[in-house]
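S.K.: Take a look at the letters that make up each chain.
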Amino acid sequence: MRVLKDKDRVLYDKLVRLAGGNSQIVLKVLSNPHRSSVDLRTAIKEIEALRNSQTTSAAPSMSQAAPA
Amino acid sequence: MSIAWATVVIVVLLLPGFAFFWGLYSPNQVTREVSPASPLAQLAGVVVISFLVHACAYFVINTRLCAGSGALPAMPCVDFDEFAALLRIEAFTLPGTPPRTFRSMLDSYAGWILVYFAATGAITGLLGFAAGKLIENGYLSGFTRHRYLFMLERGRKKKGAELVRAHVLSRTQNLNNVIFYDGILQDFFAKADGTISYVVLHAARTSTIEITGSGTLHSDTSTPLDIRGESLQTKPLLVITSENIANVYFEPLNEVRIESGDDTDALDRAIDELEQASARTGDGQ
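Note that the protein sequences, when read in sequence, are chains Z and F. Anchor point for the first sequence: position 7 equals 7 in the numbering used here, and the numbering is continuous, going up by one each time. Anchor point for the second sequence: position 281 equals 281 in the numbering used here, and the numbering is continuous, going up by one each time.
The set of hints was computed from the structure by calculation and includes no laboratory data. Hints may be right or wrong, so weigh each one.
Stated by the list, open to error - Straight-line C-alpha distance at most 30 Å; calculated DSSO-like pairs for lysine-lysine:
1. Z:28 <-> F:158
2. F:191 <-> Z:14
3. Z:45 <-> F:133
4. F:235 <-> Z:45
5. Z:45 <-> F:158
6. Z:7 <-> F:133
7. F:158 <-> Z:5
8. F:133 <-> Z:5
9. F:191 <-> Z:5
10. Z:7 <-> F:159
11. Z:45 <-> Z:28
12. F:133 <-> Z:28
13. Z:14 <-> F:133
14. F:191 <-> Z:45
15. Z:45 <-> Z:5
16. Z:7 <-> Z:28
What the hints assert, rightly or not - Here are the in silico distance ranges between beta carbons for each label pair:
17. F:266 <-> Z:54: 17 to 23 Å
18. F:76 <-> Z:36: 58 to 64 Å
19. Z:33 <-> F:191: 27 to 33 Å
20. Z:52 <-> F:244: 17 to 23 Å
21. F:156 <-> Z:54: 30 to 36 Å
Note that CB positions come from ideal geometry on N, CA and C, so glycine has one too.
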């Protein structure tokens, strides 16, 4: 039994690309228990926010590691 | 020869019953793939439905429609004696056996017989289709054996993107560590009794679960199986068969609504901007 439509698979892969290849970000956005659906624009914003927050949190640790 | 001929006649007579079940299974994949758990019971259903349909058709044709006072004077009545003789092929094939009932009957009524079977087949097929749609939409829940399968199939029928995440606990283990998979459920096949046959995962990741004396401990990180997947046109799949599945936790994700084509354009632009920025950063270094 087919569960995943081709166009949904393509959409998921695009969202993962938007998340910088981190599928955990996409799954976190789409696993919100307080809603059953989300429009694509909101999902894009949330993915970008999570991706940027992870990037900024990773940057200081790298700069601290660089002098060593 | 006579046994074979009688078999052919009986199969043709069962056509309305077969049409009913064809219609019943056609609206969705779930019933088509897992419902005939008991072929013998289904054959019994085919016989019962065919009998009822022929009885109703006999009653309606001979009392309301056929020649005489019926609504369609041109339509011949059903002659049960001629029909019963149809099962005895000896009279048809042995030479010199008068009268040749079947040949004259077929010559005279072949068109009406075809119309009869087409009509009864179409009506029962449509009735089966309607019953299948009712089962699919939850109105005949008593006939639904494996309701979770309909839940899995629901996303495929929605306009928006509703993905199902599958968390698969495997039977592969080393000491107290058990391999754990999760990914987007792409295909799912169940056996006739509703148990899992195999699952196919897209974008699968693997991790471990340690079974301790106080409970279970899931590893902090999970590793994608398709490490080179970004560069591949055809995305790899993970197929896990029932022999390696301890249990599966299905998690329907939020449905992604696409209001218009502008939304997908916005997504494509955002990806382009991100990848161009990444390329510039790479060049700068």
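S.K.: Are any of the numbered hints broken by this structure? If so, which, sorted upward?
M.R.: When the structure is compared with the hints, numbers 2, 3, 12, 13, 14 and 20 turn out to be violated.
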